[in-house]
Each structure stands twice: as structure tokens, then as C-alpha cells.
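Visitor: Sequence lines, in order, name chains A and B. Note that the working numbering gives residue 335 to position 335 of the first sequence, counting from 1, and the numbers run on in steps of one. Position in the second sequence (from 1) plus 1000 gives the number in the working numbering.
Treat the hints with caution; some may be incorrect.
Keeping only pairs whose Cα atoms sit at most 30 Å apart, straight-line, the calculated DSS-like set for lysine-lysine is [as the list claims (entries may be wrong)]: (1) K89(A) with K1002(B); (2) K89(A) with K1241(B); (3) K1080(B) with K1241(B).
In case anyone wonders, no lab produced these hints; they're calculated from the structure.
There are 2 protein chains.
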Amino acid sequence: MKFHAEAIDLGTRAPTVILNAADAEELGVNPVDRIQIHWNGETHIGIVEVTDEIVAEGTLGVTRRLGYIDGDVEVTHAPKPGSVHYIRKKLDGIELEADEFETIVRDIDDNRLSDIELTAYVTGTYSEGLSFEETKYLTEAMTDVGDVIEWNDDVIADKHSIGGVAGNRVTPIVVPIVAAAGVTIPKTSSRAVTSPAGTADTMEVFCDVAFDADEIKSIVGRTNGCLVWGGAVNISPVDDKIIRAENPLSLDPPGQVIASVLSKKQSAGSTHVVIDVPYGEGAKVESLASARELATDFKQVGDHLGMAIECTITRGEQPIGHGIGPILEARDVLDVLNGGGPTSLRLKSLRLADILLECCDVDADAREILDSGRALDKFREIVAAQNGDPDVTVEDLVPGEETLDVRADRDGVVTHLDNRLISDIARRAGAPTDNGAGIELDVAIGEPVSADDRLFTVHAEQASKLADAESLVDKSEPIRVRDRGEALVERL
Amino acid sequence: MKFHAEAIDLGTRAPTVILNAADAEELGVNPVDRIQIHWNGETHIGIVEVTDEIVAEGTLGVTRRLGYIDGDVEVTHAPKPGSVHYIRKKLDGIELEADEFETIVRDIDDNRLSDIELTAYVTGTYSEGLSFEETKYLTEAMTDVGDVIEWNDDVIADKHSIGGVAGNRVTPIVVPIVAAAGVTIPKTSSRAVTSPAGTADTMEVFCDVAFDADEIKSIVGRTNGCLVWGGAVNISPVDDKIIRAENPLSLDPPGQVIASVLSKKQSAGSTHVVIDVPYGEGAKVESLASARELATDFKQVGDHLGMAIECTITRGEQPIGHGIGPILEARDVLDVLNGGGPTSLRLKSLRLADILLECCDVDADAREILDSGRALDKFREIVAAQNGDPDVTVEDLVPGEETLDVRADRDGVVTHLDNRLISDIARRAGAPTDNGAGIELDVAIGEPVSADDRLFTVHAEQASKLADAESLVDKSEPIRVRDRGEALVERL
């Protein structure tokens, strides 16, 4: 059937084309069906959406991804892409083979799948699970897509946390310790998606974080380490597309998590990696048993790929550090590097650094490196190499000046800190976009408090956002204080 | 955060709003997140999509479903709808309760779910299955949404086929037989979605099919029966929305099929229903065991709802009747009503009519009603009541004049007719939109043929569509002819 193609200024992930309802009926296609567009001697695939008004009969609306198509085209039916059959197979509970994962990953990378098909893939891997073999195939397929960074060193150290714990900004402390011990550690991190800050957001308080692969190599060549944003490097780009379908339902299939993390590490050229699996109420992994299982699978898939993986299983039922939000976390980091700071953040960072050094077979003591000031010096070197001010002090890092103090309404003991609620409040206050916004915690689980003691302070840069955060504080109980007598046995 | 709302001429099922990427970041929302739009003293929910260009910063693009919102609005975060939690629960393998299905069905009906969430629901019910209790709850929830038609009779007969077999146009034969026996049978049918014709498409060859509930009552009051399109009546409207997410992956969770069919029958006021479950290679249900299981569940859920259900399990590995496509099927129907026609269509229609009459406890003989001409008279009455020409003859029904004869390339036996390929060829030829397009079959499985005997004829109304159909015929083997010697044991 012949059409006249016209550009529609609409950005979609999939190569969407828009047909008038009458034309769609005439052509015999339904929404989400695929068509072949023959134009200029080439054939392109479009995914159909149907409209009554936005395009007239005879017109094929091409959205931005196909926007170069213009003028007269011939349209015919197109077969479904191969991955649709494999997704269906997965939903039928049948294990997929290596080449089938390759096809799916390639189709996701090329945005050839509609939201419906992509979601069916994600829920299929969630409901049916991924076997050890499947996780391996998926990891390899995800590694094969996108760029790979190559290094000359035999040992490239790396770390990762599977997340879900507020604060927990150990990376900007671990990296300078390890780099100061002479180990190459080119760390790429993410920005926040649903949390109040990612490591990249916190580091951006100090310096630039967006560098391409060559720039990263140059920084690491000078300092042994870096603390940059992974999104500026095209390694394992499929991951972000899969996350889009996972987020609305908070789905995190364990096999997918392993494939996402290890494909990124493999593409980044990492050889020795510590993976932190925090567990506990409100964290991504709730039970010790699930954390152990995930850690075991991480090690085994890593083995298969030729990476040395160490996993740490840590308590994740409350935030690590005092600050939550880019600037507040940056202050904690600088405090710890200066020899002070929150104990929880200092101790966790030291332990992770020691395990990573041991995994790399390097005889060095993290505490000695930190307390001697060598980690701070290394951090300043890295900040300078990333175009930041190496002489930055805690006083330079000013949190949002709109504040709300939240206080205990009775004497008692802190029995519960809700990671998710605390993150939500910090986001409402403006984190991570307003980098001074967030929460400063005064207490931890098990601490005694008196009535009217401050539990935490909300910081915001804008009064309206502080009000938005306050409305959530008012209707929830992010920090629970109970009388000593009912601390252990709580009555509902 | 304050915005200026502007209409975007884009039709979406969900209440989509479009934000500039910078505003989305500022507000802290991701694609598919929900926002509350405070406008004019009311609060509306929008699902976020993010663009770089289509709307400027400070503008909230409202698509057609929210198009009435205009001017200054205040935007805040909105919680996820309740059903998202229940969908997640289903994906976690936990059975859902009655009120949870009610919430999901209501949210689907109100278009409150994004494609991602709706697909997660469909794949969840597919992967995890629905228990008998769950199927019951879902059926009740789907019945509660939309209109209900009430009748004064104690017996309201109905029939349904779960489909997947080409041709198979038994309904316009069964309904007049049953109506002629004095039983009320107000039959609503669907149009084709992925097939070359639905019963509504075939009936439209004879008369109008779009009537509202009052008009249906008036037609049935005069004739005892009707043959109308269900889409014009608002019964169980959720079904079409669920089908949208099922089609791209051809998912048909059995519990969902039962709920879809029985909620429609319940809403239509039906009390006695025959459900035909065709099974066989290429049909929707492939094995006899699955067909029996589905039939048993249909009966039990029907029992619970107070309906008398009879199920027939029929062979579905090849088309029923000669014609495929609206006019070609209409010719078969009229031939059978005239006492002739394809044997397969005549015998299946008689058997279904007898079972339905017996189910309604009516002592009548379908063959006698058909052969006496009373069924044909009743059919003409119904056609007249639906504004058609009661004196229509087979000669008036002219199939598409662009034709292609497909012939056997050797002597042998027909071993296989591919329902799906035959449907695809008929659709490429233009069915159901071009109502004269389709396929006329000359052979059935097991029949001996000689080289150059005609196997089938493709009819089209447009030469370009015939060419499109021919290209599929050329590269496939919709009808397999094998030498007698290899008919039983075929060598690959």
C-alpha cells in the first residue's frame, strides 16, 4: 500500500509509525504490529500506532527515530522479530539458548521491541527465573553489545553494590584507598534513578563525572583511579533499556541483576571485583538466604567469565552514614577521608577496601592508608584530574538552607529506620536534582533517645519542595521510636 | 511544581502527559511514573512520558484523554495505583483475592495502567496461571464492569467458540435453528482481530450488525434471535483492553479466556451456553488433554455463576467449510441454510444446535428444522430485522474478482492444511476489510488429488493485494500433498 511519509516530532524508544485508523484497517494491521517501509531502495521496520486525527488517510507519520524517511513509500506487513518467539518460549517455561539471548539482547539494543514485548521479556525472566546457564548466556550477550575498554595491567580492581540502602557512599572512600595502594581502579558509577543520589551524583559535587573511554584512560594513567559516570561510556547499553521496564513494577530478577553487573564489569575490563550484597528489611534483598544465593551465583558466573569475584553480605536494614543526598553524602565522604565521619561509613569502607586489596593479592592495610592521609591525597588527585578543586573542604559543601527538624515524640529506643521512606522524603525535598537537598540523620537503630531529641533534619533548596517532603513526613513514620518496654515486642 | 498545560493531539489509551526532560528531572519523575495534576479544583492522574523537543520547559503536554485540562496547573507526585502492587504479587506467585482482581479490572477499565503494567498483568497470569478460585474472582470482576442486559425469559441460549479455526462459520446457522425452535438466542459476536473474518464481519455481508442494547431487545422481541456485533454494546469492555497486550505475543492464559467468555455471557444475560473448544495442530488449543481441562474449568466456573454450560471438543486441525473471508463464508452459510453447502459446516452446525437445544431442555430436532426450511426462514427474518435484504441469494454474494488458483504439483493425498497460513493468506488478500477477499478451498485432509488439480483459489478485490497474498503462497506450503507412500511417514 502506498503512503506519503511525514515527520512527526515525537521521540519514542521504538521505531513507531503512526497510521490513520482507516488506513490501518485497510492494510489489516493492529497497534503494535510491525510494517516494512520500502523507501529509496531501503527497507525499514516500523511499529504501528493508530490514530483518528493526528495523521490523515494516506499519510504515514514517522516519529523521530525514523524521521529521515520522507516522501513516497510502499508499506507491507513485516514478520515479528525473532526475539518475540524466544520471549514467548521463556514465558512457556522453556530455557533459552545462547543464540536466543543474543537475538533478544540485540533487538533490545536496537530498540526493535515494543514496551509490551520488552515487559514480557522482563516479567518472563522474573516469573520463570534464569538458570545458571541462562545467566551466563545473558551476561555474555550483554557484554558483546556496546564498547569494551582494554587495559595493559593484569589487575583491574572494581567494586559494586546491588543497592537499596540509603547513604552508603563507600565508593569515593574505597577507590582512593585502593588506588593509593598502587592498584588500578577505574570506577564507573550510576546516577540515581529512583534513589536520592548515585555515586555519580555525589562525585559531581566535587568535579566533572562525564568522560569518554579515552579520557578515562588518561585520568587513570595519571592517578591509578577515577570516579566517573558510567552513562557517558557506551558499555553494556542494553541495561538501561531493560531497567525501564523493570522500574514500574520494581522487578529485579536475580539472574538479570547478575548479567547487568557482570557484563558492565567485563566490558569495563575489570578483573578483580568486590560485590556488596546488602540485605535486610527494605533493602533490595530481604533475607540472608537470598543474599547468600545471589552471592554464590555472582561468584560462579564471574568464574566462568574469568573474573575474580568476592562478595560481601552486609546488613542493609538502615542507612549507612549520616547524610542522604549528593552534598550531604559528599560531606560524609570528606569527613571519613579526613579521619572522622560516621563510624558506619568508615568501618564499611575499610572492610570493603581490605577485601578488594586481598582479592587483588596486594599486601596493604586500608586503615593505615586512610589514617595516614594517603587516601585523602589520592582523592584530591582524582578530583583534580576530573577538573575539580582539590582543596575543597567540608565547609565549602553547603546543604540546602530550607530545613525541617524532625524530633522524637517520647523517650525510648530507635527500633526501625525505613530506607525506602527516608529515600522518598529526600527525593521530595529535591535530591538528587537540587544537590543540597536531602536528609541528615542523627540516630541509628538501637540508640536511646529522649522526647524532643532531633531524629533527622530535612534539607531543601526550595521552600515548596520542603513542604512536599514535610507532607510525607507528617503521614508516615520513617524512624520508629518505642518505649524500652515495647522495643522488642511491639503491639500493632 | 507549576506548569502551563497545553493539548497535544495524540491519542493514547493511558492518560499520558508529556514533560520536557529538564522538567522531569527537576520534578524527579521518570517515564511511566504517575503525577497528580491539580487544576480547577480537581485532581487528575497522568502517566509521564519524557521528550526533549515536543514540549518546552514549563509546559505540560496533555494528550487527548486529558485534553480538557488547559492553562495553569500544579503538578505533584502521585502514588502508584493499587493494582500495581497486586500485579507484582501475582508475578511473585501469590494467589490474588476477589477485591484485588476487582481493583485490577477497574484500573484496566479506566485506562489507569501503562502498557508495561498491563503486560506484566497478562504475562503474570500466563506464567503463573490462574487457580479455579482466581478464575472465578476474575470472571465476577469483569462482569461487574460495563453494562448488563436483562431478559424476561428463563432460558437465554448462547454459543461461543474459542476460535483459531479458519472458516468455521457455524453461528449464523445455529442461531436461526435454535430461534426457530422457540428459544431466545440474542447472539453477539466479534469482528476479526487477527483472523480473516469474525461472525460480525460475515453477518455484515447480509445486514447491519451494530445495535445498542435497546435495539437488540427489539430485534429479539420480534424474531427470538439476533446476530449482532458485540462491540457496539458495552458488555465486559475490559476484555478488548486485555487482548491488546495478549496479541503481540499470542498469549491466551486459559483462566483469562474463561473469564473473558463467561463475563460476556453473564453480562449478556445468557443462561444456557454451548462452548466449542476446537483442538489440534495450529488451533488455539493443541492437545485433547488441554481441551478437556479447559472445558472442565468452563463448566465449573459457569456452575458457580449459575449458568448451564455445555462444552464441545471438536477437531480443529483444518478449516470448517469451503470459504474463508466475509463473503465467501456468507455463501457457505446460505448454501447450508438452503440444504446444501459444505458437509463439514452442515454437520458441525447441526451437532452444536442439537446440544444447545438439549441443554435448554427443548425437544426439537436440528436436522428437521434445517431441512424443512424453517431455519432459512428464521435467518431471513433476522436479516430483515437487522435492516438487510431477506431475499438475498448466493448469486448476489460476489467474491473478489482478482483470483489466483493454486494447484497440486503431483498426484497424492492431502496430509495437512495449515489454519494459520491459510488465514494469513486470506488477510493479505484483503480480508476482512475487502469483504470479497479470501480463500475458497477445494480439498480437505485425507482427500486424494491428481497433479494440477486445484487446491484452493485466492480471491481479492485489488490486484496489489492479490500479489501480496501470492508472495506468501509462493514461499509457503499452506496445503501439503504427499505421495501415498509417504503420506503416513514423511521424510524431512
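Visitor: Could you run down the list of hints and mark each one as holding or not?
Guide: The hints, checked one at a time:
1. K89(A) with K1002(B): violated (47 Å)
2. K89(A) with K1241(B): holds (23 Å)
3. K1080(B) with K1241(B): Holds, at about 20 Å.
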